[in-house]
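Build out the structure end to end from the sequences listed, making use of the hints.
Numbering (our numbering), first residue to last: 1 to 324.
Keep in mind the hints are simulated off the structure, nothing from the lab.
Quick list of simulated restraints, FRET-style, between CB atoms: (1) G216 <-> S138: 37 to 43 Å; (2) R98 <-> E310: 47 to 53 Å; (3) R29 <-> C134: 31 to 37 Å; (4) I130 <-> W26: 30 to 36 Å; (5) A11 <-> G243: 37 to 43 Å; (6) L101 <-> V7: 51 to 57 Å; (7) G234 <-> S121: 47 to 53 Å; (8) A22 <-> Y106: 31 to 37 Å; (9) S313 <-> F249: 23 to 29 Å; (10) L10 <-> L101: 44 to 50 Å.
Keep in mind the model is a prediction, meaning the values are calculated, not measured. All residues carry an ideal CB built from backbone N, CA and C; glycine is no exception.
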Amino acid sequence: MEAYRHVIVLACVALYMVACVAVGIWAMRRTKSAGDFFMAGRNLGIFVTAMAVFSSTLSGFGFVGGPGLVYRMGMSSIWMVICVTIGYALSFFLLGKRIRLFAEVYQPISLPDIVAIRYSSQTTRLLISIAILCGVMSYLGSQIKAMATVLQEIIAENSSATWSLEMCVGVSCAVLVFYCATGGIIASVYTDLFQGVIMVIASVLIFFTAANCIDGGFSEMSQTIMDDNPEAMGPWGALGMMGCLSWYFLFALGGAGQPHVITKIMMNRRISAAKHILPISVGGYCISALLWLSIGLVMRTLVLQGQHPELTSADAAAPQFLQA
1 MEAYRHVIVL ACVALYMVAC VAVGIWAMRR TKSAGDFFMA GRNLGIFVTA MAVFSSTLSG
61 FGFVGGPGLV YRMGMSSIWM VICVTIGYAL SFFLLGKRIR LFAEVYQPIS LPDIVAIRYS
121 SQTTRLLISI AILCGVMSYL GSQIKAMATV LQEIIAENSS ATWSLEMCVG VSCAVLVFYC
181 ATGGIIASVY TDLFQGVIMV IASVLIFFTA ANCIDGGFSE MSQTIMDDNP EAMGPWGALG
241 MMGCLSWYFL FALGGAGQPH VITKIMMNRR ISAAKHILPI SVGGYCISAL LWLSIGLVMR
301 TLVLQGQHPE LTSADAAAPQ FLQA
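Now the structure itself:
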């Protein structure tokens, strides 16, 4: 089996991309109107919506950038998890029922539609559209970089080919654009569901795997990192108290206003579903966060103990761990 390891890894990556394309084609056949394309016909179930909310929020940022932050800063990034859960709660408590009821009455197909109807102004529609575009561009950029980084690492480790980061960006974007353009939000939601299930399962498995990578488990990891940098294993990590608390504005207040979270709240089948979607989303996010914490800790420990060379980039922590 070890002899076919590289082939299996590459085959899994190819299969995943084919699955995303297949979801796009399947969703295209289910899309009959603009409401289906942009709002999934407001017919999503509780579990589908919940998984789509958390996986679209975590995604490449958490699975690639998260371990890198733990590798560099220690426990600082745990405050991101706390702030994100607060952001989820704010979104659902302030907007969950109201925005779904609003969508039921006025049938909007986007967040700018809701703002324009609420304030009876086309100017507000334009302003919110510009704000969303500016905010989403940077967010999307980080996701694309995460996709490309992982793909580049996998290809470099499992084949003799050498792909540039730009080429990996092109391939990743081609798959992303295809399923989004053909299947609309239905394709996006169901790929999020697929990814969310994989995230939860993988996070649990990786957590226990990481715990057994070092004799003594997480206690030994904590002690090794503390001997090198005591602040890294403190409650605020190497970033410090003010840096960690500043994430509240980005991940709690900012997270509460993320357009891809708010619009998904409008897509569920029942107005009362928000109270069930919230705990599932928070639970999925917290379980998946085990991955970035455990990988970051174990990779830093392996480097400090001399069992792994120093990483050229902190973002390589997750790909290097999974390839080891």
